[in-house]
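S.K.: Put together the whole structure using the sequences plus the hints.
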Amino acid sequence: MSETRTALPSRPAPVQVSQGSTYRTLLRWQVASIGPFLPLVVIIQALLAGGIIVGFGFLIPDIDPATALFLSTGAPTVLLLTIGLVIVPQGVARARTDGTFNYMRSLPIARPLLLAAEMTVWLLIALPSVAVGVLVARLRYDLTFSFDWPVLVLAALLVTLMATAVGYAIAVSLQPMLAQLVTQVLVFFVLLFSPITFPAAQLPTWFQNLHDVLPARPGADLLRAGLASQTFEASGRDLLVLAVWCVLGVAVTLRALVRRG
Amino acid sequence: MSDVLHVTGLTRRFGAVVANDDVTLRVRPGEVVGLLGHNGAGKTTLVSQVVGLLRPDAGTIRVGGTDAVAHPAAARRHVALQPQAQAPIDGLTPRTAIELAGRVRGLSARRARAAAEELADELDIRPWLDRRALPEGRGLSGGIRRLTAFAMTVVAPTPLLVLDEPTNDIDASRRRLLWEAVRRRGDAGAGVLLVTHNVTEAERIVDELVVLDRGRVVASGSPTRLRGTQDTDLRLELQLPPDGAADVLDGPPVTVLRTVRAGRRVLLTVPAGQAAAAVTWATSLRDAGRVDGYSLAPATLEDAYLALTSPADDAAPSAATDQEPARV
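Chains as they are written, first to last, in our numbering: chain A, 68 to 328; chain B, -19 to 308.
Hints are not guaranteed to be accurate.
Claimed, not checked - One-sided excerpt, in silico: chain B residues whose CB lies under 7 Å from chain A: (1) Arg35; (2) Gly71; (3) Gly86.
Unchecked claim - Calculated from the model, a selection of chain B residues having no Cβ within reach of chain A, i.e. all distances over 10 Å: (4) Asp47; (5) Arg56; (6) Arg85; (7) Gly169; (8) Asp187; (9) Gly201; (10) Ala268.
Derived from the structure by calculation, the hints contain no laboratory data.
Beta carbons: idealized from backbone N, C-alpha and C, even for Gly.
M.R.: Rendered as structure tokens:
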């Protein structure tokens, strides 16, 4: 082999990286930058779980095992929805304000990978919520759960992906200030006006019908069926509603990521 | 050789404000092109269109032969941008940030690690290389963050480097290192579009200059051509008193090649042969209390730049120069 070196340096070439490699790098970037906040996020989850399971229990005098089970199996959904619909959009709104959002979008990468990496990180952060919720319920009410693992895993993944995607979509569609405001309102809606920790039958009929097409109640019922399969049953319709919201959130987000102003 | 960046007739409006008005410019491989202009001249708007963050209203952008308006994602693979905003490195050390940027830009893990080491020495940031940047600007100073962002941009050889005010917040000695690093990237074959308002420092390393004023290209060419005067010409700078009038300039006893008024400063370009006469005149003005002080120095590009971008008619100041529509 002869060495053929020219005096001129070779001209720089355009970036050629596989999507898988870019995804892994972005994932490392995300994990490293969220790293310092992780302990805080875990503490917030634990406090929220305690607040819902223990705190809501105080609202109901002489809570019976059935009500306790309903409350406890709803708590993980509240946690997942809070992370996806509140913490995620606040982070995205901040990224848009401080230039991070456009910085990442100017990199030589396929922009949908940004969403893929970010959703992966939020999955990793959010999923322990389900375990935290179950643990707190066990300690407080001494409940026994009957897990349906396939349903549980599917429901937890889908609820988290849906909440993250919708939260992301809100944050990229609205002005950052407005997005922050909307997420505050959503907390109240999820905590107090969604049949997650109480049965939908307690709501007026028209509101029940509305919740049939919103993602909160279907998500909660699906996750419930995974946690206490002997008491609650999974419904294909709920799965469909969740999936549609998931696709909607991803579509709106991808459009905003690719779009030029 | 084909251009790494070729912009023709680029126009972009924000409502009634025309941020880029029929802008045409080119960057060849190995060339450092300085893009000068006041705040709000449209520099950042131009850059945002090159990397596909904004869509032009009219005109073409070709990046490395790719149509960046029609295929922004393909064009971005030819470009590395250091934006004016700080890079997102909170939670990271400069070392990790540079390595991650290198990986995104196609370096192997081993090459990215080596590149971070080399850049630490090239930019003299080694003492901070393993210190973590924390939120709210804690952990690392603005200057070190800016140098890290620069390193993240140049970590891998890229056909086109776009640097938007890369020297903001950086101390004088490291600014010099950064300018040298920019020049080296150009000499290695990259095309560099350097957005700055630091005219005097940029002059030393650029091959070409493009001056934007209120969205339009008002001048372009080599620094020598833009200076428009002999290298031997001198600049007489007169510092007016707070309520001083420019009528001190009436009937100067020297040949004035160019006059620029910048705030309380009046810059006169005079031939070198009249240095003695200029000093005598300026001294008499100071003794009479009509100027606070004066200085005589070789004419610089800044004088030419100020002449190009100062409002032609002081009686009709343009509102557009005070607006900042170009922040993205």
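S.K.: With reference to the structure, classify each hint as holding or not holding.
M.R.: Each hint tested on the structure:
no.: 1; hint: Arg35; in the structure: holds, 4 Å
no.: 2; hint: Gly71; in the structure: holds, 4 Å
no.: 3; hint: Gly86; in the structure: holds, 5 Å
no.: 4; hint: Asp47; in the structure: holds, 14 Å
no.: 5; hint: Arg56; in the structure: violated, 5 Å
no.: 6; hint: Arg85; in the structure: violated, 5 Å
no.: 7; hint: Gly169; in the structure: violated, 5 Å
no.: 8; hint: Asp187; in the structure: holds, 16 Å
no.: 9; hint: Gly201; in the structure: holds, 25 Å
no.: 10; hint: Ala268; in the structure: holds, 52 Å
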